[in-house]
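J.: If you want the building blocks of each chain, they are given just below.
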Amino acid sequence: MNESIIVENLTKRYELGHLQQETYLRHQIVNMLKAPFRRRREKEILWALRDVSFKVNHGEVVGIIGRNGAGKSTLLKILSKITYPTSGNVRTRGRVASLLEVGTGFHEELTGRENVFLNGSILGMKKNEVAAKLDQIVSFAGVERFLDTPIKRYSSGMRLRLGFAVAAHLEPDILIVDEVLAVGDAGFQKKCISAMEDMRGGGRTVLFVSHNMAAVENLCNRGIWIDAGRVRMDGSTHEVLEAYMGSFADADGAARDLGSVESRRGSGEVRYTRVEFLSPDGSAQLVTRSGKPVVIRMHYRASERIPSPSLGFRLTTEMGTLITETSTSHHELYVPELPAGDGYVELEIESLNLIPGRYLLSLGLSGGASNHLYDLVDNAVHLDVEAASIYGSSRSFDSRVGIVFFPQRWRLDGVSCRSDRDSEAVVSGARR
Amino acid sequence: MSAITSFGEYWRYRELMYFLAWRDVKVRYKQATLGAAWAIIQPLFTMLTFTFFFGKLAGISSNGVPYPLFSFSGLVLWMYVSVTLGHAGNSLVNNSNLITKVYFPRLLLPASSAFGGLMDLAVSCVFLAAMMVHYQVQPSWAIMFAPLFVLEAVILVMGASMFLGAVNVKYRDVKYTIPFLIQIGLFVTPIIYPVSFIPERFRWLLNLNPLTGIIEGFRASLLGGTAIDWRLTAISWCLTLSVFALGYVYFRKTEETFADIV
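In order, the protein sequence lines correspond to chains A and B. Mapping to my numbering: the first sequence position 229 is 229, numbers consecutive. Mapping to my numbering: the second sequence position 162 is 594, numbers consecutive.
No lab work stands behind these hints: they were computed from the structure. Positions of the beta carbon are idealized from the N, C-alpha and C atoms, including for glycine. Treat each hint with caution, since some may be false.
Just so you have them, the derived chain B footprint on chain A, three or more residues with Cβ under 8 Å [claimed, not checked]:
#: 1; stretch: 24 to 30
#: 2; stretch: 112 to 118
#: 3; stretch: 409 to 418
Interface residues of chain B toward chain A, partial, derived using beta-carbon atoms under 10 Å [as the list claims (entries may be wrong)]:
#: 4; residue: 448
#: 5; residue: 450
#: 6; residue: 458
#: 7; residue: 463
#: 8; residue: 535
#: 9; residue: 602
#: 10; residue: 604
#: 11; residue: 609
#: 12; residue: 613
#: 13; residue: 614
#: 14; residue: 616
#: 15; residue: 620
#: 16; residue: 661
The list that follows gives simulated cross-link-like pairs (lysine-lysine, DSS-like), each with its CA atoms no further than 30 Å apart [as the list claims (entries may be wrong)]:
#: 17; chain 1: B; residue 1: 607; chain 2: A; residue 2: 126
#: 18; chain 1: B; residue 1: 602; chain 2: A; residue 2: 81
#: 19; chain 1: A; residue 1: 127; chain 2: A; residue 2: 81
#: 20; chain 1: B; residue 1: 607; chain 2: B; residue 2: 685
#: 21; chain 1: A; residue 1: 127; chain 2: B; residue 2: 602
#: 22; chain 1: A; residue 1: 55; chain 2: A; residue 2: 81
#: 23; chain 1: A; residue 1: 191; chain 2: A; residue 2: 81
#: 24; chain 1: A; residue 1: 127; chain 2: B; residue 2: 458
#: 25; chain 1: B; residue 1: 462; chain 2: B; residue 2: 533
#: 26; chain 1: B; residue 1: 458; chain 2: A; residue 2: 126
#: 27; chain 1: B; residue 1: 533; chain 2: A; residue 2: 55
#: 28; chain 1: B; residue 1: 607; chain 2: A; residue 2: 152
#: 29; chain 1: B; residue 1: 533; chain 2: A; residue 2: 126
#: 30; chain 1: B; residue 1: 458; chain 2: B; residue 2: 607
#: 31; chain 1: A; residue 1: 81; chain 2: B; residue 2: 462
#: 32; chain 1: A; residue 1: 191; chain 2: A; residue 2: 152
#: 33; chain 1: A; residue 1: 152; chain 2: B; residue 2: 462
#: 34; chain 1: A; residue 1: 126; chain 2: A; residue 2: 81
#: 35; chain 1: A; residue 1: 152; chain 2: B; residue 2: 533
#: 36; chain 1: B; residue 1: 458; chain 2: A; residue 2: 152
#: 37; chain 1: A; residue 1: 81; chain 2: B; residue 2: 607
#: 38; chain 1: B; residue 1: 462; chain 2: A; residue 2: 127
#: 39; chain 1: B; residue 1: 533; chain 2: A; residue 2: 127
#: 40; chain 1: B; residue 1: 462; chain 2: A; residue 2: 126
Take the sequences, apply the hints, and build the full model.
T.: Right, dumping it as structure tokens:
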């Protein structure tokens with residue numbers, strides 16, 4: 001048998017009354033005295049998980065995705081034996097290490113060295129195992145000079161690095177990781193990811209919860225989507241991610257009505273009425289991802305024939321920085337006329353090289369020799385660009401690295417550079 | 433989970449228990465400026481106070497042993513019980529960050545408090561030995577029984593801590609009752625007075641307190657003066673083991689819910 005985790009009909013029920021406030025014995029006693037025979041009032045029930053079943057084979061790296069409150073964390077807590085299911089059961093094979101937090105049990109007063117031993121022991125390492133790996137852990141965290149300093153003097157970044165360094169040197173058969181990558185600076189995230197890849201290379205079974213979709217896509221070969229306590233989808237990472245991100249967009253997501261927009265300029269003989277985002281194959285595109293194609297279809301309604309129009313669009317950041325402005329006249333395209341009535345124009349972008357984030361689209365329509373302005377809708381719609389793997393890396397990028405990215409290649413002395421992640425995996429592989 | 437497999441589990445996690453106890457001791461000594469001296473100062477000053485009020489003013493007899501030595505020998509063990517209980521009773525709530533983030537046998541938390549307290553006890557016992565030298569009290573062969581009573585104190589404290597700790601997770605106001613229980617305990621246990629101080633007809637009541645046998649036995653084995661009362665010791669062990677069993681059963685029954693409500 002090759003399964004390393006078997007989850008069968010897992011159900012977890014919470015009684016909300018218990019969760020919301022701490023209970024006091026004196027209330028209980030007072031209630032008993034007041035109404036000794038009254039039955040306790042019905043408690044509100046929350047089903048954190050309902051009938052969840054799946055199997056994970058040895059060596060699989062599974063991304064668990066879902067919205068906040070969908071039950072992901074409860075699932076991980078049950079798998080790590082922190083909490084118990086109301087019904088159903090879990091079978092695991094081999095040593096399980098769960099990393100739901102970095103630096104669990106760190107104590108402010110203790111030194112870095114003491115905390116490494118304490119934390120390692122809490123995570124299930126033996127004392128001599130920690131001692132043997134101490135040098136590696138410390139150099140991974142980059143805190144050699146502060147090893148005998150109490151960690152209350154550490155910066156939050158140092159603490160984080162030290163915590164992750166201990167965890168990265170666990171050698172479990174099954175590793176359960178919850179949203180650890182969400183914290184820390186970019187350099188730290190990179191280290192975490194290469195450590196995770198290293199673990200993947202070691203034939204470990206990994207369950208990974210993250211909101212960093214780029215990391216999930218790159219690290220995991222399988223995705224499980226948990227929605228409202230149930231498994232909504234279980235399949236290849238790519239399929240599950242697409243479906244999951246698609247669910248974010250409501251009916252409004254792929255098309256937006258502009259008919260009711262008041263704040264617009266222009267004489268109004270022709271108005272934009274609607275904007276749709278489509279895939280190149282013409283189907284509605286619920287999610288637009290970095291570096292992927294998109295077709296923007298702009299519907300208009302003209303009350304009369306519009307001679308020699310120019311249709312334009314402008315893309316800005318949420319902060320209002322202009323990214324690009326183009327129009328049919330920029331392309332020197334000659335559009336003879338727009339007939340009266342409804343119609344649409346399409347703009348296809350082959351690869352939308354925007355860093356993930358929210359962008360705003362403004363639409364303009366002018367025409368004639370005098371460049372008469374018919375319609376101008378500033379910030380007509382917003383476009384949410386979702387994360388995808390950029391430069392083929394696992395890192396997630398946001399506005400801190402700018403607005404756009406260019407497909408690119410680096411060469412040193414004429415030789416192409418290898419992926420950093422490959423080389424680190426090699427280095428740490430040799431170290432072990 | 434059967435008792436056998438869970439014992440194996442505790443054995444596997446023995447190092448973590450050691451680390452948790454070590455952390456508590458280390459932090460306690462680091463935070464207090466006087467460090468380990470604190471383990472002596474506390475019972476020492478209590479002893480001096482009691483010596484003045486009870487030994488000198490009230491003139492309570494002490495079985496022929498000098499009163500300071502008499503009360504200090506009781507106080508060292510009592511301090512262990514009371515400090516550890518105050519600590520262990522809150523050990524689960526105070527470590528909620530561990531309970532909600534990592535798996536380990538929850539029993540390690542009260543257990544590590546109970547074992548961590550032995551460090552203070554050891555330090556104050558050294559001082560006790562120095563006092564015995566000072567008062568020229570020669571221990572008899574009965575001193576070999578002293579560890580028996582220390583062990584009993586550890587078992588009693590473990591049992592009470594498991595129970596109070598688990599109840600405290602559920603009902604957060606229980607922690608306010610612990611100092612109160614400790615305060616009462618000092619007076620209903622023959623620490624600062626000998627059992628002979630209590631009228632004969634009430635003595636059975638005193639014997640229902642398992643600490644009576646522990647303190648009396650510990651003192652008798654160290655200082656002599658009176659012989660160890662084996663009947664009292666047997667009663668006390670029965671009570672102690674019952675407290676332990678009750679605490680253990682209640683703890684194991686409720687521990688699955690700790691992470692959800694702590």
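J.: Next, verify each hint and record whether it holds.
T.: Do the hints match the structure? See the list:
1. 24 to 30: holds (count 4)
2. 112 to 118: holds (count 3)
3. 409 to 418: violated (count 0)
4. 448: 5 Å, holds
5. 450: Holds, because the Cβ-Cβ distance from residue 450 of chain B to chain A comes to roughly 8 Å (cut-off 10 Å).
6. 458: 7 Å, holds
7. 463: 6 Å, holds
8. 535: This hint holds: residue 535 of chain B lies near chain A, its Cβ roughly 4 Å from the closest one there, short of 10 Å.
9. 602: OK, holds: residue 602 of chain B within 10 Å of chain A, min 6 Å.
10. 604: With Cβ-Cβ at 4 Å, under 10 Å, it holds.
11. 609: 9 Å, holds
12. 613: 14 Å, violated
13. 614: Violated, about 18 Å.
14. 616: Nearest chain A Cβ about 18 Å off; hint violated.
15. 620: 23 Å, violated
16. 661: Nearest chain A Cβ about 37 Å off; hint violated.
17. B:607 x A:126: With Cα atoms ~34 Å apart, residue 607 of chain B and residue 126 of chain A exceed 30 Å; violated.
18. B:602 x A:81: 20 Å, holds
19. A:127 x A:81: 22 Å, holds
20. B:607 x B:685: With a Cα-Cα distance of about 20 Å, the restraint between residue 607 of chain B and residue 685 of chain B holds, given a limit of 30 Å.
21. A:127 x B:602: Answer violated: residue 127 of chain A to residue 602 of chain B is near 34 Å, above 30 Å.
22. A:55 x A:81: Holds, at about 17 Å.
23. A:191 x A:81: With Cα atoms ~28 Å apart, residue 191 of chain A and residue 81 of chain A stay inside 30 Å; holds.
24. A:127 x B:458: 17 Å, holds
25. B:462 x B:533: Holds, at roughly 26 Å.
26. B:458 x A:126: 20 Å, holds
27. B:533 x A:55: Distance of about 23 Å is within 30 Å: holds.
28. B:607 x A:152: Given that 30 Å is the threshold and the Cα spacing comes to 28 Å, the pair holds.
29. B:533 x A:126: 19 Å, holds
30. B:458 x B:607: Distance ~24 Å between residue 458 of chain B and residue 607 of chain B Cα, so the pair holds.
31. A:81 x B:462: Judged against 30 Å, a Cα distance of about 33 Å means the pair is violated.
32. A:191 x A:152: Cα-Cα ~23 Å, so holds.
33. A:152 x B:462: 13 Å, holds
34. A:126 x A:81: 19 Å, holds
35. A:152 x B:533: 21 Å, holds
36. B:458 x A:152: Given that 30 Å is the threshold and the Cα spacing comes to 15 Å, the pair holds.
37. A:81 x B:607: Roughly 27 Å between the alpha carbons, so the hint for residue 81 of chain A and residue 607 of chain B holds.
38. B:462 x A:127: 22 Å, holds
39. B:533 x A:127: 21 Å, holds
40. B:462 x A:126: 25 Å, holds
Hints 3, 12, 13, 14, 15, 16, 17, 21 and 31 from the earlier list are contradicted by this structure; the remaining hints agree with it.
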